[in-house]
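Each protein sequence line maps, in turn, to chains A and B. Okay, so the first sequence: first residue is 6 according to the working numbering, each after it adds one. Okay, so the second sequence: first residue is 713 according to the working numbering, each after it adds one.
Hints in this document: simulated from the structure, not taken from any laboratory. Heads up, none of these hints are tricks.
DEER-style ranges, computed between Cβ atoms:
#1 B/Thr853 to A/Pro106: 16 to 24 Å
#2 A/Pro255 to B/Ser744: 38 to 46 Å
#3 B/Trp839 to A/Glu302: 31 to 39 Å
#4 B/Glu732 to A/His220: 40 to 48 Å
#5 B/Gly778 to A/Thr141: 51 to 59 Å
Reference excerpt, derived from the structure (chain B facing chain A, CB under 8 Å, subset only):
#6 Ala805
#7 Ala833
#8 Ala840
#9 Val844
#10 Met847
#11 Leu857
Glycine included, each C-beta is placed from N, C-alpha and C at the ideal position.
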Amino acid sequence: MMRTQLPIAAVMLFVAMTLCAAMLGATLLSGCEGMQESLRTAADIVERHPDLIGDEEDREVWLAGARAVRSWVSEIDTAEEIAIGQSLALRAFAGFGPPHPDERLQNYVARVGRLVAMQSERPEMPYSFAVVQSETPNALALPGGFIFISTGLLTRLNNESELAAVLAHEVCHVAQRHGLEIVARDRRMRSLFELGTAIDPDLAAYQEFIDRVYHRLTTEGYDHQYEWMADEAGARYAYYAGYHPGGLLPFLQEAQRAGRPRSFEAHRTHPDPAVRISRIRAVLSELPGYGALPRLEDRYRREVLERLR
Amino acid sequence: MRGLLIVLLLAALAAPAWGETMYARASTPVRSAAGLTGTTVATLQQGQAVTVRGREGSYYRIAFPGGSGYVFHNRLSADRPEDIAGLLSRRPAARGLELSELEAGGALRGLSPMAENYAAAEDLPEWAVEAVRSMQERAVTPQELEEFQREGRLGEYGEAPAP
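Excised from the complex, chain A in its bound form (with noise of 0.2 Å):
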């Protein structure tokens, strides 16, 4: 076992060390909105784009790791992927407690979430969002659409640009299917039953697979790769539906002059600020135009933060 596995493991890092390159390279060469190509994995970006690493030797290490991740994630269909992520939602509310009572509220968060999410690779996911009441700010995506933010997170964002760059976050994280790799991952080392048929499985596995991503997905967190991605690709989302596309910028230098990683996702680890506010910039230089796009204060005041006082 361990002998299939080490290799694999090395490779999947190589996979997510080199991910970010190519999704710049990537992301450069599919161009702008309306035409964004779908890079929906590291597999993906790699197959389309094989020239994006020089090195001939490192390119079939490369080839082989981003095969070898889509061929799990393959493995998980869509109505698989949204029958995880309701088992992992209903997890996640055993964490965090009943959602917020406040329908208005729920349904504002929800609109600027559809909004981003329809910028995002998969627009045909049917994505929900629900406002849990914590005062830790804390941001969730799971598989199958499913992403949570709390009121301690919205009492400190400013505007409705933060909130649509925060959720265009999360929406990345499902769109382009991070989470997913984490659960087929687990799946190919446990090998535990095929889920599509698990109606009457081993429940106690099940239990045991929901609990293990649910813990890797809220405590270890994503890759920092995976993080910086959708940074990035948060970015254009929230461009592509008017908003400026700075949102995150403000929560990541809060945190910067505090000289601590911190982040809306309530991970232990988390990539260096400065080096994610570096590579939103970056995004943002490609932008033509986005200083004009709109914030929206007023509206987040009066539907957000008078709501929560």
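Following the hints, position chain B against chain A.
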């Protein structure tokens, strides 16, 4: 000069070839002219295929069976969307799930057998099950989403830069 060349190259790569098929990202108004002054002559459903005939400013000139008109650039995607509603109806893992109001991004109804079994096995409180149902069933109609954008001067209703 080199920067300009790169920009032009990227623009050329990004521009759809006329005659290319694109798909509506969501329910989308088709206008009689390239701008908000154009009246709505049709509404594309999410995933509906159209043929791009040209571009005027921020709008694509499109044709589709039974009509033609102009659509704002951020409403179309080059990628064919997945038929999730059809998939849900075929897969055992999704038995009991339905997708409705697809045009607004979809509102999911029901819980999968896996999720129901998980909730029972974990002895989760009923409110948690209801919270998931409520979250996924929250419908945002296309009209509400259009009004939301209009009020915020977002996208087509604001100062969105041309592609």
